[in-house]
Amino acid sequence: MAGNSLSYEFKKGLWQEIPPFRLILGLCPALAVTNSSLNGLSMGLAALFVLFTSNIIISFIRRTIAAQVRIPAYVVIIATLVTVADLFLAAVFPAISKSLGPYIPLIVVNCIILGRAEAFAQKNPVLPTVMDSLGIGIGFTLSLTLMGTIREVLGFGSVFGVKLLGAWFEPWIVMILPAGAFLVLGGLIAFVNWLSIRKAAKTAEAAETARA
Amino acid sequence: MAELILIFISASLVNNFVLSYFLGICPFVGVSNKTENALNMGMASTFVMTLTAAATWPIYHYVLVKFNVPFLQYVAFIIIIASLVQLVEMYIKKASPSLYRALGIFLPLITTNCAILGLALFMVLREYSYIESIIFGFATGVGFTLAIVMMSGIREELEFADVPRVFQGAPITMIVAGMMALAFMGFAGLIRG
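Residue numbers (this note's numbering), protein chains in the order written: chain A, 1 to 212; chain B, 1001 to 1193.
It is possible that part of the hints are untrue.
Covered stretches of chain B (chain A as the covering partner; in silico rule of three or more C-beta atoms under 8 Å from a C-beta of chain A) [said to hold, decoys possible]:
hint	stretch
1	1001-1011
2	1015-1021
3	1025-1031
4	1077-1090
5	1169-1182
Examples of chain B residues lying across from chain A (beta carbon under 10 Å, computed) [to be verified]:
hint	residue
6	Q1073
7	Y1074
8	T1111
9	N1113
10	A1115
11	I1116
12	L1117
13	L1158
14	F1160
15	P1164
To be clear, the hints were calculated from the coordinates, so they are not data collected in a lab.
From the three backbone atoms N, C-alpha and C, an ideal C-beta is built for every residue, glycine too.
Based on the sequences and whatever the hints tell you, model everything.
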């Protein structure tokens, strides 16, 4: 992985490996808190903070941790940072902290964070790790905000709490219920698949015409 | 007694952890392609969940609260769960090698099952007593097993279905889970809360 440029490490999280659509990880928060745009955005930012800081710390101490005990060590680092994020939200944004409830502490077991630590931070120097975790974290934030927005528009007819659709709109209550979360996520993953299949077909076609 | 039955039905059916709190989605999607595997995963998780409830409750109430450090709960819980899973793994390996082989990789994976940490957190939030917590832990496991086994049955049938290409794999699993969540909403009238 040494050959990849820093900008590649950053950009891959935004599209090529965007969680949770390409990298099917971190599904619990993606499904649970995306019933409004604001909740999706704040969950994404909290996860971004934990991912960014924990991976930098792990990258710094990657040579001093013995391989056999690395997972418990990572988990303790992540749990500590989640506690920081949780107390910060509770103190500064009590309303958000209340609506996200136990899903903030559940960032501890979010597979994206441990997954990036295992797959990237423990093998790479600090600078590429910064780019990688920023990219993945921002990608995750964007995805959650998008899911939250889709569900809020269909379920309430509003975005970030601002009413968009008029009184004629009959809200689809199911969209803000658990079932809606599964349906929206399934649809979005299928959409991303469709885009990549179409792109692959176009590239193949272009190669075909170039040869002819 | 009625209170305990209520907790059991609420945690296993009405507020099913997988279908209404989205906890334990990773194994739910990852290990639900064969009914046999799903059943093993469900049973192993139920076992660990019951033990987790039994072990975290006294530590939270008699250590963390007593020494006035409840903010350490996330770090404490995750360490308890990880060591519990390790302990269970060593015990099963010694006591029943055949069960150990059947569970295989699923045992260590349970540590990262968010339903287990979620269970410990909900237990504290809802201020359950010790007996209630153990029932809650067991019922959550039963609910998880129910959801994952049903999902695996549907997915075995899906193998023979003509799913559009873009929906194959994860998307169709999500849509099916959505349908199941809709069906489970039918239990909502059973109990309040």
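Going down the list of hints, with the structure as the test:
no. : hint      : verdict
1   : 1001-1011 : violated (count 0)
2   : 1015-1021 : holds (count 3)
3   : 1025-1031 : holds (count 3)
4   : 1077-1090 : holds (count 3)
5   : 1169-1182 : holds (count 11)
6   : Q1073     : holds, 8 Å
7   : Y1074     : holds, 5 Å
8   : T1111     : holds, 8 Å
9   : N1113     : holds, 8 Å
10  : A1115     : holds, 9 Å
11  : I1116     : holds, 8 Å
12  : L1117     : holds, 5 Å
13  : L1158     : violated, 13 Å
14  : F1160     : violated, 20 Å
15  : P1164     : holds, 8 Å
Violation of the numbered hints given earlier is confined to hints 1, 13, 14; the remaining hints are satisfied by the structure.
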